[in-house]
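Residue numbers (the working numbering), protein chains in the order written: chain A, 1 to 158; chain B, 1 to 231.
You may find that some hints are simply not true.
As the list claims (entries may be wrong) - From the structure, some residues in chain B lie toward chain A, with a derived Cβ separation under 8 Å:
#, residue
1, Lys39
2, Leu47
3, Ile50
4, Leu52
5, Asn79
6, Pro80
7, His102
8, Gln105
9, Asn107
10, Gln109
11, Val113
12, Val129
13, Lys130
14, Ala155
15, Gln156
Unchecked claim - Take a look, some chain A residues computed to stay more than 12 Å from chain B by CB distance:
#, residue
16, Val45
17, Ala57
18, Leu136
Hints are computed from structural coordinates only; laboratory data are not their basis.
Please read these numbers as outputs of a predicted model, since none were measured by experiment.
Just so it is clear, CB atoms sit at the ideal spot from N, CA and C, and this is done for glycine as well.
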Amino acid sequence: MAHAAHTDAHHDDEHHGHHIIPFPLLAKVFGALVFLTALTYVTAVYVPLGPLEVPVAIAIACVKAGLVVFIFMGLRWDNRVNLLAFSICTIIVIVFISITLLDTEYRGDFGNVDELPLDDRMRMEQAVQDREAALLGSDAVVVDTTAAAPADTSATEQ
Amino acid sequence: MATKTAPSTAHDEHGHGNDHPPHLKHYFVSSDQQFDAAKLGMWLFLLTEILLFSGMFVAYIVYRAWHPEVFVKMSELLNPFWGGFNTIVLLGSSFSVALAIHFAQKNDQKKLVLNLAITLLCAVIFMVVKYVEYTDKFSHGIGMGQFFDPHGDYAQYAIPYAKQFFSIYFVMTGIHGFHVVIGMGIFTWLLIRARKGHFNSEYYTPVELSGLYWHLVDIIWIFLFPLLYLI
Chain A
1 MAHAAHTDAH
11 HDDEHHGHHI
21 IPFPLLAKVF
31 GALVFLTALT
41 YVTAVYVPLG
51 PLEVPVAIAI
61 ACVKAGLVVF
71 IFMGLRWDNR
81 VNLLAFSICT
91 IIVIVFISIT
101 LLDTEYRGDF
111 GNVDELPLDD
121 RMRMEQAVQD
131 REAALLGSDA
141 VVVDTTAAAP
151 ADTSATEQ
Chain B
1 MATKTAPSTA
11 HDEHGHGNDH
21 PPHLKHYFVS
31 SDQQFDAAKL
41 GMWLFLLTEI
51 LLFSGMFVAY
61 IVYRAWHPEV
71 FVKMSELLNP
81 FWGGFNTIVL
91 LGSSFSVALA
101 IHFAQKNDQK
111 KLVLNLAITL
121 LCAVIFMVVK
131 YVEYTDKFSH
141 GIGMGQFFDP
151 HGDYAQYAIP
161 YAKQFFSIYF
171 VMTGIHGFHV
181 VIGMGIFTWL
191 LIRARKGHFN
201 SEYYTPVELS
211 GLYWHLVDII
221 WIFLFPLLYL
231 I
């Protein structure tokens, strides 16, 4: 009898531990995910958001990913250690991205003693060169191979 | 009462004498402990998957920061309708896999099998769309690395750094697609086992862990879709 009581208690524990996500909640989350997909499609394809386009698309993707992680994957009801591991991983990814961007976006600037960042100084020198070329009236404008080059030459023609 | 003590007496030869279901490994104290350990292990594996993909996302972010106009122009070549369609397909499969776990927990064998079959079907639809997209790209000479040689109407896209965009596109969607193919194998295996009645409310760990894997594949696509097709 004591043995049977022990098994019963054990079963209660299991039901407490394994949360069954209710069907209506799963259906609602699926509906929300489909709605957010439609929203990101409409905002990106039909609504001109300008500089906000990229942040809006990424914000919607983050909300969708959050819904999947916390509801579908059940992290909300899960053992806390899984949430801890997931959080550490997320922080590592953020550090990975931001430190890489600190390098690639400001490459050379850290040792630069100029008042201006390298990009700005290069742009200024390019503008000076273009102006000189225009004053000389020569066609020998140094054409950069980047896509920004056509815009620069049209500016000098004016 | 008799039904509950029956499994424990059947396993008395292991020398435990108490509650010992067939799926419980002898080195775990309880099914709960075994389940939690398996789930934590799966989460740790999924985190390495996140780190794998984050390397590729960093490549995307750096190249986009350097050449934003190339990325905007190249996304014209990717059809947002089919990308969106595939997003809905994967979200649907995530929903069905969550339902499969839900019905396994409720001992509903029929609905468990049905939802696993829906998940497998969605994975197949996703790969068919991806196959059509890839072959269309290849037919216009849009490949990765040295195979990037657009011709005909697509020659206008042969601008500097277009090659890098498509290398990033094919590597990211390719490795994601590879995960979907592995998922198809896993869900075929689960479907066979579920039809044999291997899973119930006491033991459904393989369904739960495969579900976690599948949700992660879905999350990766949630980010890939807007980054590659829309913006």
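Legend entry - Restraint satisfaction for Ile50/B [CB to CB of chain A, less than 8 Å]: holds, 6 Å
Inset, instruction - Have a go at the His102/B hint: is there a Cβ in chain A nearer than 8 Å to its own Cβ? - result: holds, 6 Å
Legend entry - Restraint check, 8 Å cut-off on beta carbons, for Pro80/B near chain A: holds, 6 Å
Legend entry - Supplied contact hint for Lys130/B, tested at 8 Å Cβ to chain A: This interface hint is violated because 17 Å lies over the 8 Å limit.
Legend entry - Agreement of hint Ala155/B with chain A interface, Cβ distance less than 8 Å: For Ala155/B, the interface hint is violated, since the closest Cβ of chain A sits about 16 Å away, which is over 8 Å.
Inset, instruction - Using Cβ atoms only, decide whether Gln156/B comes closer than 8 Å to chain A, and label the hint accordingly. - result: With a minimum Cβ separation of about 13 Å from chain A (threshold 8 Å), the hint on Gln156/B is violated.
Legend entry - Minimum beta-carbon distance criterion (8 Å), Gln105/B to chain A: Status holds, d = 5 Å.
Inset, instruction - Using Cβ atoms only, decide whether Gln109/B comes closer than 8 Å to chain A, and label the hint accordingly. - result: violated, 16 Å
Inset, instruction - Hold the hint about Leu52/B up to the distance rule: shortest CB distance to chain A must be less than 8 Å. - result: violated, 11 Å
Inset, instruction - Verify the interface restraint on Asn107/B: the C-beta must sit less than 8 Å from at least one C-beta of chain A. - result: violated, 11 Å
Legend entry - Per-residue hint verdict: Val129/B, partner chain A, C-beta under 8 Å: violated, 15 Å
Inset, instruction - With a cut-off of 8 Å on the beta carbons, see whether Leu47/B makes it to chain A. - result: holds, 4 Å
Hint violations for this structure: numbers 4, 5, 9, 10, 11, 12, 13, 14, 15, 16 and 17, all remaining hints satisfied.
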